[in-house]
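Protein chains: 2
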Amino acid sequence: MNSKKIIVIGGSAAGPKAASRARRLDENATITIYQKASDLSMASCGYPYYIGGFFNDRNQLLCSPAGVVRDSKFFLNAKNINAVVNTEVTAIDRKNKRIEFTNLLTGEKGSDTYDKLVITTGSSARKPPVEGIDLEGVTTLQSLSDADYLRKIRDEGKIKKAVVVGGGLIGIETCEALHLAGIEITIIELLPQLLTFLDKQMARLVEKYLQTKANVILKNGVTAFLGENGKLTAVKLQNGTEIPCELAVVAIGVSPNTKLAKNAGIEIGHTGGIKVNEYMQTNDPDIYAAGDCVEIPNLITGKSVHAPYGDLANLEGRVVGENVIMGNVAKFPGTIQTGICKVFDYGVGSTGLSEQNALQQGFDTIETVVNASLDKPGFMQGKLLITKLVVNKTNSNILGAQVIGPGEVSKQVAIWAMAIKNHLTVDDMVNADLPYAPPYSLAIDHSIATAHVMQNKLKGLFKGISAKELREKSKNKDPMVLIDVRNPDEYEEMRLGIGEKLIPLGQLRKRLNELPEDKNTEIIAWCKISLRGYEAARVLQAYGYRNVKILEGGIVAWPYQREK
Amino acid sequence: MNSKKIIVIGGSAAGPKAASRARRLDENATITIYQKASDLSMASCGYPYYIGGFFNDRNQLLCSPAGVVRDSKFFLNAKNINAVVNTEVTAIDRKNKRIEFTNLLTGEKGSDTYDKLVITTGSSARKPPVEGIDLEGVTTLQSLSDADYLRKIRDEGKIKKAVVVGGGLIGIETCEALHLAGIEITIIELLPQLLTFLDKQMARLVEKYLQTKANVILKNGVTAFLGENGKLTAVKLQNGTEIPCELAVVAIGVSPNTKLAKNAGIEIGHTGGIKVNEYMQTNDPDIYAAGDCVEIPNLITGKSVHAPYGDLANLEGRVVGENVIMGNVAKFPGTIQTGICKVFDYGVGSTGLSEQNALQQGFDTIETVVNASLDKPGFMQGKLLITKLVVNKTNSNILGAQVIGPGEVSKQVAIWAMAIKNHLTVDDMVNADLPYAPPYSLAIDHSIATAHVMQNKLKGLFKGISAKELREKSKNKDPMVLIDVRNPDEYEEMRLGIGEKLIPLGQLRKRLNELPEDKNTEIIAWCKISLRGYEAARVLQAYGYRNVKILEGGIVAWPYQREK
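Line by line, the protein sequences are chains A and B. Read in order, the letters of the first sequence are residues 194 to 757 in our numbering. Read in order, the letters of the second sequence are residues 194 to 757 in our numbering.
Just chain A, same shape as in the assembly (with noise of 0.2 angstroms):
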């Protein structure tokens, strides 16, 4: 029987996971891995947990679930793949299907034909390409080795003072582990917000809270790294300052690797992915590619965007898996660009389009709320939950979600993205039917909750206003009447003191005298998350007053500083 001869190319995380998927569906096929780096299967998106000492053992890095090390030796035995470290392929040759490769510790040369090639190179760290890059102390967090140095720099505790150079996910990972290391950390971001799937209010609410733990500096860019030497002595960044440090770890985003693929001829899109159709086929139809070096369609705008994140590396690598050995059968419809990550104590996620991405892809009937709430009761020690969901006025559509807090954003991030996904209108989210205890969620789930607010602003019970208008308008001195409708004692504790007056919920339709008798006068009401401000700007408004707002997320979704 003539086997069939199945190359890979890469062996992290979608490479393996095809080969994998096509040695369970043919025990009889040739596989070969070659993996340009030493080790394989990396658990690459926990490096920062490594380094921030969440675990010590490096080993579980690179374990299956059942605590083996993935190695060439676990590969051949438990898979029969062979799986080839150290060795970088350097060129296909596609009309003979034929791969070159050198090993990386010998500089042998080899070469080995394929039936099928998967191309899954993965991406690169970026590099600004300024002075100093190659500094002792300047390095990117993208590689097992980058863990590696990072948590030896830990482990050794001589470091005092570190600059994380990129507000990203991978830039924000690494502030966290790096303070847990017990470093001094600055964080330099040359846009005006950190995390850019967020909206601007969203990340600033999770700036504000960074800045409990880091220094952060954003519309700033890094010009030099300094060094005496060859070692980092600061960073110097485009308005001057230099700021002084041991180590500085540049997270400014990861390139497709697709040198190889280019140079083969393999079709590359205008985002710099391998083009891939839905069955992850290239132009080439005896090559598959994916991960990090693919681009995909986003499902919502339907435009090929770079998503270089780990589920999908897997995902995608089992689509191709199944492919190269059954034919074409399974496919791989896009993504939302679904992600979360951990900022110490808060989670930050996101699902779908952005209000900023989605009126940049030319969506111009964009309705948006911010609703905050406990994830469960107080009585169960809930924790807040800040949701911003943006959604499609014409018909009701879901386009995206935001949530941030201490509390559970992984589930609330996960229920959105099923919405998303499957086109549920808000309608359909109304009234979902989810798990609900004491000990799990509040009665009506904060996802819920936020539908609720969604359907009431679009059937037009009620106006808001976001944070970041309500202070332009207060500097500005614009006329208008502030209500802050909570209780005594609570305002009392902290307050915005933008000249706001305290009309307690419970007081007002007995105090509506003193409000200006011009109905037209613009009123804003608010509460500590706009639930009695809803209610405050409902009375209002059967009162006859025309131009109320609620400050939408109330007073913990304001970004700003607070007055006493």
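Misleading hints may appear alongside valid ones.
As the list makes no split between identical chains, a pair holds if one copy fits it or if it spans any two.
What the hints assert, rightly or not - Calculated cross-link-like contacts (lysine to aspartate or glutamate; reagent style DMTMM-like; alpha-carbon spacing at most 25 angstroms): (1) Lys197 to Asp286; (2) Lys576 to Asp538; (3) Lys468 to Asp621; (4) Lys424 to Glu349; (5) Lys452 to Asp538; (6) Lys703 to Glu220; (7) Lys712 to Glu281; (8) Lys455 to Glu662; (9) Lys666 to Glu710; (10) Lys576 to Asp250; (11) Lys703 to Asp219; (12) Lys666 to Glu460; (13) Lys524 to Glu707; (14) Lys524 to Asp620; (15) Lys703 to Asp264; (16) Lys401 to Asp305; (17) Lys353 to Asp538; (18) Lys712 to Glu349; (19) Lys652 to Glu220; (20) Lys694 to Asp286.
No lab work stands behind these hints: they were computed from the structure. Bear in mind that the values here come from a model prediction, so they are computed numbers and not experimental data.
Chain B: place on chain A using the hints.
Showing chain B alone in chain A's frame:
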């Protein structure tokens, strides 16, 4: 202006929600709640946690999110709702749109008229008609006074032994609460399993865990409560056993309170709940009903069910509040009966149909799988989840999911609830785009992996065998070959001990000669969670064995005693 008169009968969950929603939609309506008990808006699902000492301030059961007790004064001031407590509505005169009531403290009678009436009379705990039911020390856990009674027992610390009658949700929550109060518990269930919303094998796993905390007695009912001087001293079972105890909590389910409605000629459904249409409207167009006293459609079977869940009560109340003001504009579609309960450190949840339930409902093309894995990576201290998924083979529609374990059960159940309510198929779940980062999930989320296992089974890639079936075969000494494919150290630590042979997956291909030559031999393979078991089965099948099965869920889902 002639304001609308709304009367709500019942002030627990659905009633206040309906009244509050009505108020927000109509500032001018006259809204009155008549409440039999002395308290309003009680968080009744929180009672077990108050009794168990998760919190000590009873007021927290009655508070708004802002910490204000929701008493009559609160309803009047904050919502302009007249909430009349300690007052029982004794009759509804539909012709004259009038109700009659009695003040339970003073005996005073009165009447009131309505334009729209809302019945939210809730449910009552069922009691077995046996001797001694009125002894001191025999109680239910349904009302706040029940909770007060049990909390006092905790605080006094005198009682040593208690019996919980009923192994349903409330029974098990009560079990935990009393155990935390330092009381030795025996739980009695008439049926052959606990928690009948679970399939037997899943319930058996919960039972096995619960046995580490309490004595569990199945297939046995209470025939009498025995006492001395009016005080409980023991519970007598059907099999004659007498269990000495000073406290018995009866939790054998609840019945909808429908007497008032029935007497007024409101139609009652076959489940005993008030019949309502999709607008939560009874057969009298001016009378709506919601909460534990109604029956609603199960969205999968289309049949009416009595689903006394706190979350549904709130959602139904919201729909009613809208409809009594706006006319029939809002619909409540029904339920997929999603539920969850905390069982000490386990979460136990279910959504949609169990296999048992699906078979009873006439589905005859059911497929099921059991999948076990950690909820997040081992290096992030992931905890076990076990999921049983039920699908309709003919269209691969997901019908139900049960999830148990110390892992993040609530999130898993929420994901499946979203899938089931929105009619997703297994293929829709295979590439779900869920939030991944190591602090929150595996790279392939447990739910997605469960869909993968199901897809593999539907494609015929493997055959499963349930723990129960394997145990029976093993007891019958059926001719078969049993293979544990884990590593020797795992095997040494713990094994099923039912005659299995250890052949680690990595050695399987080399040791095929140890297997019978007859390719029709029944071979059953497993590992800890049956992932390696699956790989082993694929190998054996590739080598011609035609009758290979995997023990579903592996060793962790084995619900029986194991031998060392």
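Hints and how they fare:
1. Lys197 to Asp286: Answer is within; shortest intra-copy Cα gap is 18 angstroms, inter-copy 81 angstroms.
2. Lys576 to Asp538: This pair counts as both: shortest intra-copy Cα distance 11 angstroms, inter-copy 19 angstroms.
3. Lys468 to Asp621: between (35 angstroms within a copy, 23 angstroms between copies)
4. Lys424 to Glu349: within (17 angstroms within a copy, 68 angstroms between copies)
5. Lys452 to Asp538: This pair counts as neither: shortest intra-copy Cα distance 40 angstroms, inter-copy 51 angstroms.
6. Lys703 to Glu220: Between. Shortest inter-copy distance 14 angstroms satisfies the 25 angstroms Cα cut-off; intra-copy 80 angstroms does not.
7. Lys712 to Glu281: So Lys712 and Glu281 fail the 25 angstroms test inside a copy (74 angstroms) and across (43 angstroms) alike.
8. Lys455 to Glu662: Cα proximity of Lys455 and Glu662: none, with 47 angstroms in one copy and 55 angstroms across.
9. Lys666 to Glu710: For Lys666 and Glu710, only the intra-copy Cα distance (21 angstroms) is at most 25 angstroms; the inter-copy one is 84 angstroms.
10. Lys576 to Asp250: between (32 angstroms within a copy, 18 angstroms between copies)
11. Lys703 to Asp219: Answer is between: at 17 angstroms across copies they meet the 25 angstroms cutoff, but 78 angstroms inside does not.
12. Lys666 to Glu460: Answer is neither: 51 angstroms inside a copy and 56 angstroms across each miss the 25 angstroms cutoff.
13. Lys524 to Glu707: Neither. Shortest intra-copy (64 angstroms) and inter-copy (40 angstroms) distances fail the 25 angstroms Cα cut-off.
14. Lys524 to Asp620: Close across copies (10 angstroms), not inside one copy (30 angstroms); limit 25 angstroms.
15. Lys703 to Asp264: Between copies only: 19 angstroms across chains, 74 angstroms inside a chain, cut-off 25 angstroms.
16. Lys401 to Asp305: neither (54 angstroms within a copy, 54 angstroms between copies)
17. Lys353 to Asp538: within (23 angstroms within a copy, 40 angstroms between copies)
18. Lys712 to Glu349: neither (67 angstroms within a copy, 59 angstroms between copies)
19. Lys652 to Glu220: Between copies only: 17 angstroms across chains, 59 angstroms inside a chain, cut-off 25 angstroms.
20. Lys694 to Asp286: neither (75 angstroms within a copy, 47 angstroms between copies)
Violation of the numbered hints given earlier is confined to hints 5, 7, 8, 12, 13, 16, 18, 20; the remaining hints are satisfied by the structure.
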